[in-house]
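S.K.: What follows is each chain in one-letter form.
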Amino acid sequence: VAHRYVIVGSGIAGLSATETVRQRDPGAEITLITDEPHDFYSRPGLAYFLTGELPEKQLFARTQAEMRALRVKPVRARVTGLIPEAHQVILDKGQSLSYDRLLLATGSTAVPPDFPGGELAGVVKLDNLDDARRILKLAGRGRTAVVVGGGIAALELVEGLRARGVHTHYFLRGDRYWSNVLDETESRIVEDRLKNEGVTIHYCTQVKEALRTCKNIIPRFLPHFTPRNCGVISLQVLSQQGRLIGVETTAGEKLPCRMLAVAIGVRPRVELARQAGLKVDRGILVDEFLQTSAPDVYAAGDVAQVHDPRSRRSILDVLWSTALAQGQIAGANLAGANIPYIRQVAFNVTRLAGLTTTIIGAVGSGHDEDLVTIARGDSEAWRMLPDSWVISDRQDVNRVRLLVKERAIVGALIMGDQTLSRPLYRLIAAQADITPIQATLRAHGVPILDTILSFYQQWEPVSPSGRA
Amino acid sequence: MLDQGRSLNSDRRRYAVLSEAYVVPDAVRCVQCGICSYNCPIGIDVRAHAWRGLPIKDSHCLTCGECISRCPRSTLRFERTHLFSEW
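Which chain is which? The protein sequence lines are A and B, in order.
Position one of the first sequence corresponds to residue 1 (the numbering used here), numbered consecutively onward.
Position one of the second sequence corresponds to residue 1001 (the numbering used here), numbered consecutively onward.
Simulated from the structure, these hints should not be mistaken for lab results.
Values in this document were obtained by computation on a predicted structure and should not be read as measured data.
Where is the CB? At the ideal position from N, CA and C, for every residue including glycine.
Check each hint, because a few of them may be wrong.
Unchecked claim - 25 Å max Cα-Cα, derived DMTMM-like pairs, lysine to aspartate or glutamate:
1. A:K57 with B:E1066
2. A:K195 with A:D393
3. A:K57 with A:D35
4. A:K57 with B:D1058
5. B:K1057 with A:E197
6. A:K254 with A:E197
7. A:K57 with B:E1020
Said to hold, decoys possible - Label-pair restraints from in silico Cβ distances:
8. B:H1060 with A:T80: 37 to 43 Å
9. A:G198 with B:E1079: 35 to 41 Å
10. A:E460 with B:E1020: 31 to 37 Å
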């Protein structure tokens, strides 16, 4: 009898799990349930769709033929119930499905605005393709938009809107951008470049309320009400009352705008797991095999909270590379393997104000006021900074910052020129003993680039040719 | 805006490797956005190579470097290769 696998979620974790299951169990019956109305597309690619660097159809990373070759039964629905004892999931249309093994790869979703008016038309987030379409519809040249939030997602919005000719105001609650990952110099490099691109940054500014049309309209229309036109006018009022017209800050300033983009963090979509009685903290808790507390139920990607042997804590990553790796391991284990997930160094590459930036390992600490939860493209591991030396080197906009312990480099942030990015990833991942260059690195005024490069070439003389 | 942050050596390197190198992806950096494939002048699906971590060994590849410079995450690079070596 063919095994029945059910995979919930069609993001990168769900897709990589599906491909792995199919490879390992060619005869299996795989059902992929998703509430996403589109075929698989690159979620991080939405940033480049917003800037106009990519047309929408290019985001779809799998052809129809490739999807057909996976022989998956696609189900467009929301899973509303899970009964682990009965090995069953229940869909929003009331239908139920049995599984032998289940994967929850439900991802994460934007935290709703933490101020009144967040439900208005014109208040947007960037979780998925439909959100990006909505933003582009509102992003007319010469219009005004306000962006609030922090981390990578907020900048994707700022840069996307600016690229579309929108007058963009970026509100920061504190005095600098992404203060718990970037250091002050890096924040200023990003902010200066944004300003040069025409973005207006408002420091120490917080939205008190998103303003709607109706408050002004009803009094304006009231004198014109007559028994005959009453219906027509109230219809006009109703159709406009849910639309954003501006924001009011906590300092009492009002700024008219057509769009308010909010990126104050994301939350793993754990409702289903919680309701089914699975062990849940901030995400769904999984063991080293990515199995949840329920038998035959696994979790992977943004929604999984995974044990980290380095810090002995269970942590969240909202990273593409992590979701991909977890999907592959979970897929293999679903299909009967017993492969532990070995947490790699938290790693992401992003573009901040046009500068390619690579973040590896532990680079920051503390709390960023602009985010109420973890952000998309973020890892909790980045903020587990042990006592370490900070060594940095800057040439124009190119900057390297290293976090160095006694024997090893524990974190690095590389902004601009990426020459050191691969060597540093390898050195950090392998916890390479850097004792030979420790003193040189700490000496004042030594170029990091040359020191690291020559050390790396000796440490790993043969390049692994794209297999790293 | 992008150019400031790019390696100053990239042009020099590009000419040095035109006929003796492949475009090589670093799969861990790739998010499958597809900017590389979209900008390839002869339509090679660079993204599919990056997914598998394979070098672009397509004999039609011009090694023009367009995919390398367009990638927003520095996923691709030129790497000198020996024609008869195993990948």
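S.K.: 31 to 37 Å was suggested as the range; check whether the CB atoms of A:E460 and B:E1020 agree with it.
M.R.: violated (22 Å)
S.K.: Within 35 to 41 Å: is that where the Cβ-Cβ distance between A:G198 and B:E1079 falls?
M.R.: holds (38 Å)
S.K.: Do the Cβ positions of B:H1060 and A:T80 conform to the proposed distance bound of 37 to 43 Å?
M.R.: violated (50 Å)
S.K.: Sort out whether A:E197 lies within 25 Å of B:K1057, counting only the CA atoms.
M.R.: Given pair B:K1057, A:E197 is violated - Cα atoms ~39 Å apart, limit 25 Å.
S.K.: Given the proposed pairing of A:K57 with B:E1066, does the C-alpha separation stay at or below 25 Å?
M.R.: Roughly 20 Å separates the two Cα atoms, so the pair holds.
S.K.: Is the straight-line distance between the alpha-carbon of A:K57 and that of B:E1020 25 Å or less?
M.R.: Judged against 25 Å, a Cα distance of about 34 Å means the pair is violated.
S.K.: Would the hint linking A:K195 and A:D393 be met if the CA-CA limit is 25 Å?
M.R.: Status holds; Cα separation ~23 Å.
S.K.: CA of A:K57 to CA of A:D35, is that 25 Å or under?
M.R.: holds (20 Å)
S.K.: Hinted pair, alpha-carbon criterion (25 Å max): A:K254, A:E197. Please report holds or violated.
M.R.: Holds. A:K254 to A:E197 sits at ~24 Å (cutoff 25 Å).
S.K.: A:K57 and B:D1058 were given as a pair; does the straight-line alpha-carbon distance stay at or below 25 Å?
M.R.: holds (24 Å)
In summary, the structure is inconsistent with hints 5, 7, 8 and 10 from the numbered list given earlier, while agreeing with the others.
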